[in-house]
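Q: Next come the chains, spelled out residue by residue.
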Amino acid sequence: MDDRYLWDRTGPPDPEVARLEETLGRLRHRGQLPQPPRRRSFPPRRLIAAAAVAAAAVIVAAALGALWIARCDRGFEWRIERLEGEPIVGSTPVSQAARLPVGGSIETNGVSRARLGIGRIAQITIAPNSRVRLVRSRPTEQRLALERGKISANISAPPRIFFVQTPSALAVDLGCSYTLEVDEAGTGLLRVETGWVAFERGGRESIVPAGAVCATRPQTGPGTPYYEDSTPAFRRALGAIDSGSREAGDLSTLLSEARRQDGLTLWHLLAGGRGTDRERVRARLAQLVPPPAGVTREGVLRGDRKMLERWRGELDGMPLLPSEGLLRSFWRRLRFRLAAAR
Amino acid sequence: MTVGPDEASEETGWVEAARRGDRQAFERLYSRYAAMVHGILLARVPRIDVEDLVQEVFLTVFRRVGALRRPEAFPGWLAAIARNRATDHCRRLPKTEPLSEDSAGEDPAETEAREILSQIRALPEAYRETLVLRLVEGMTGPEIAARTGLTPGSVRVNLCRGMARLKEMLGRRQSHG
Chain U
100 MDDRYLWDRT GPPDPEVARL EETLGRLRHR GQLPQPPRRR SFPPRRLIAA AAVAAAAVIV
160 AAALGALWIA RCDRGFEWRI ERLEGEPIVG STPVSQAARL PVGGSIETNG VSRARLGIGR
220 IAQITIAPNS RVRLVRSRPT EQRLALERGK ISANISAPPR IFFVQTPSAL AVDLGCSYTL
280 EVDEAGTGLL RVETGWVAFE RGGRESIVPA GAVCATRPQT GPGTPYYEDS TPAFRRALGA
340 IDSGSREAGD LSTLLSEARR QDGLTLWHLL AGGRGTDRER VRARLAQLVP PPAGVTREGV
400 LRGDRKMLER WRGELDGMPL LPSEGLLRSF WRRLRFRLAA AR
Chain C
6 MTVGPDEASE ETGWVEAARR GDRQAFERLY SRYAAMVHGI LLARVPRIDV EDLVQEVFLT
66 VFRRVGALRR PEAFPGWLAA IARNRATDHC RRLPKTEPLS EDSAGEDPAE TEAREILSQI
126 RALPEAYRET LVLRLVEGMT GPEIAARTGL TPGSVRVNLC RGMARLKEML GRRQSHG
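Quick note, the sequences are listed as chains U and C, same order. Per the working numbering, the first sequence starts with residue 100, numbered consecutively. Per the working numbering, the second sequence starts with residue 6, numbered consecutively.
Treat the hints loosely; a few may be bogus.
Claimed, not checked - Distance condition first, Cα-Cα at most 20 Å in a straight line; then the derived EDC-like pairs of lysine to aspartate or glutamate:
# : chain 1 : residue 1 : chain 2 : residue 2
1 : C       : LYS172    : U       : ASP107
2 : C       : LYS172    : U       : GLU327
3 : C       : LYS172    : U       : GLU115
4 : C       : LYS172    : U       : GLU280
5 : C       : LYS172    : U       : ASP113
Hints were generated in silico from the structure; no laboratory data involved. Since the structure is predicted, the reported quantities are computational estimates derived from the model, not experimental observations.
Isolated chain C (complex conformation) (with noise of 0.2 Å):
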């Protein structure tokens, strides 16, 4: 799947709109980004305080994007609204031990996902956000490159690199357990 120049441009037209108090095109916006805003809160932050950070981000977007000047520059913009929340977030958090979810009566499949999950977390953060948006959010590479404001050879590097690392760390879990 490619991001094409026609859906640039008519999303260029929804935050003009959105801009002038829209309330149907933020609803389109959020459509197309709500999968991106999780991923990069979810690549960063504890799963059980990612809703409501997505619903925050898109409320500071809404009251914020007036001030856009470019609507181009709608995606990187929003997707630094996501990271910043999620740094400030994890600021506020208090510095205690993190306590292992209980996985008693869990779906095995829900907590492979979760284990999964802590795995890449541990990865450096240039691939661990990449991952989240293509295994988690199923987006694919172009269109990480095209919602994030990344380049498709950056994408793609992180893509590669940190599979290669992931399938290496899950190896390495299996090997041990």
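Looking at chain U on its own, in the form it has when it is part of the complex (with noise of 0.2 Å):
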């Protein structure tokens, strides 16, 4: 018998064959293909095992930091070094090393001068005729009050940790070195030599970078940040600004004479003005600094926090300062734990 056909259609066809083929091949499969569920995709189980242990040890991580750095208030130990007379903390008067506690003062005389610090972190060195008392010594804030006098400040904590108030303004490290003076009547002068410090009071804020300098006054509070090295014309002008003394032509004057690093000046003036002047501040500002893509005239004059910002970004030597959410506030203070510990 030739099964050849049978087997695989070779040879000659088997009549009985073909015609089973014929009458059963309308029996044959014509369904669809089935719509399989979307699968999602699960990595193999021993990553799965992996990344859970890795996880647990991440929390584990984060709590014991978190335990690290709420644990204690101590450790921080202001110390006070004297560099020349006989600065006084309280009413003794300071012969070599001492520890300036919280609430306690340093005072120096005219001949006089001392140097307070926390580890490497925070150098403040204390010019003669100053007082300078300890606020508050915690992990996330650090606050002197200078009452009178001048300080210079070198600064390598993170940012938004050592606080400075004088009578009229506080001033906020955000990572910088600078030097502030105060004097009897609650006048005071910030002068950033590196990085930038800010000024605040009351919900308005200005942001020094190095380079520039920024007054406060009791009544009026931090005034408009400007660089030292602007025309006398643009300077004397702003002066009358800030001091109410303003007279016809001063804002003709400072926005003629504003160069482009000047932008630093026109940008608070217009973040914290009103009136219709600003309109004057904001065209001469787009011209020294275009503002970026998606911050409109319109959105600028009423003050939308967001595109004033990001046209902050443009200025020369200005910082990108994000709102601090929950974790970056967590990292700080571990970074700030961290140097403080060495």
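Now that you have both chains on their own, put them together as the hints suggest.
A: If you want it as structure tokens, here you go:
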């Protein structure tokens, strides 16, 4: 018997097989592909297990870090070092080195100087005829009060941990070195050498970059920051505007004398100002420092903070200051603890 | 028609891709194996249920292919799923005398096909699956061997002996009719 046709359709066709093929062929499969459910691709079990172990380790580390940060306010010792003369802590002259407690003050006379610091992360030099009080010492906040005189601060801790309050404004360190002086009347002057300092009072904030100065007055708070190398006419006009003794032509002088880097001053006038002059300031600032895409005239004049902050980011030497979330806050505190521990 | 090593290699690639969730690879496997699954089921369960069961078998494959360790074992694995599904289905069927399907108004060729299929189903299991794959699904002996995982020799023997038995049964039916 020749079964080749039955086997693989070679050889002479078997009529009976061919007839069965034809008859039964009508029962052949003609179905449609099923639509399988969308599969989520799961990683292999070993990967899942490894990820779970890693996540657990991160959680434990974070918890330990949080405990470590929260554990103590102690450990942040402000140490006093005598530089010249006999500085006084409370009523006790400092001969060599001493500790400044929270609430305590250090005072220098006309011939004495001192240095105040926490390890390597904050060094404050206190000039003659100054008085500085330690208001608060916590992992997240180190606050001094400069009641009179002059200090030079050199801060290498993360931003927004060191604060120096004056009678008319609060200097917030954003990572920098600067000098701050306050006279008997409470008028202050901030001069930034490196980095940035925020000068704040009552919700009003001036960001002062390196090379710029900013005055503060008891009645009006922080003024408008400006670069010391701006033209005398520019500085005179700004002084008149800030003190409220502005005369006709002062704004025109200020706008015409402004250079690109004086965009710093114009931006602060625009962000904090009111009235019809804002349009003139905006137009001049747009000439000197074009606003980024999406920052509109209407939005800026309306006082849209996001638009103003985006424009501020275009100014020479200005930092990007993102809003601080929980994770960023935790990280900042952790870094501070690590820095203080060194 | 023969099944060569290239085809087997190509198929291994499809299985590996299907294991990663590649729907196109799954479609290719379906195109190649749907007839085999249909034939395995048709040899065992009522025809009316076969299409639904084919769908169920491939959905099972889609869900479980990730657990298949050796892609080259796919054909035998798939055939086993189809056979097990057919067994489960028959076990769940009510134990009643099947009603004869009403053939009034039906195409005579369709009626004849159904009757021949019922004769094939009366054959021993080894013969009926091979004959359905050959005569209904149109697969050749080498294709049946490659797709089901049986040896070519077994398939050839099953085809010859099954065909002889079928001819004998059909001859008896004709002489009685």
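Q: With reference to the structure, classify each hint as holding or not holding.
A: Hint check results:
Of the supplied pair hints, the one linking C/LYS172 and U/ASP107 holds, its CA atoms being roughly 19 Å apart against a limit of 20 Å. The straight-line distance between the Cα atoms of C/LYS172 and U/GLU327 is roughly 111 Å, outside the 20 Å bound, and the hint therefore fails. Proposed proximity of C/LYS172 and U/GLU115 is supported: the alpha carbons are some 8 Å apart, at most 20 Å. For the suggested pair C/LYS172 and U/GLU280, the alpha carbons sit about 115 Å apart, so the restraint of at most 20 Å is broken.
Among the hinted pairs, C/LYS172 with U/ASP113 is consistent with the structure: their alpha-carbon atoms are about 12 Å apart, no more than 20 Å.
Hint violations for this structure: numbers 2 and 4, all remaining hints satisfied.
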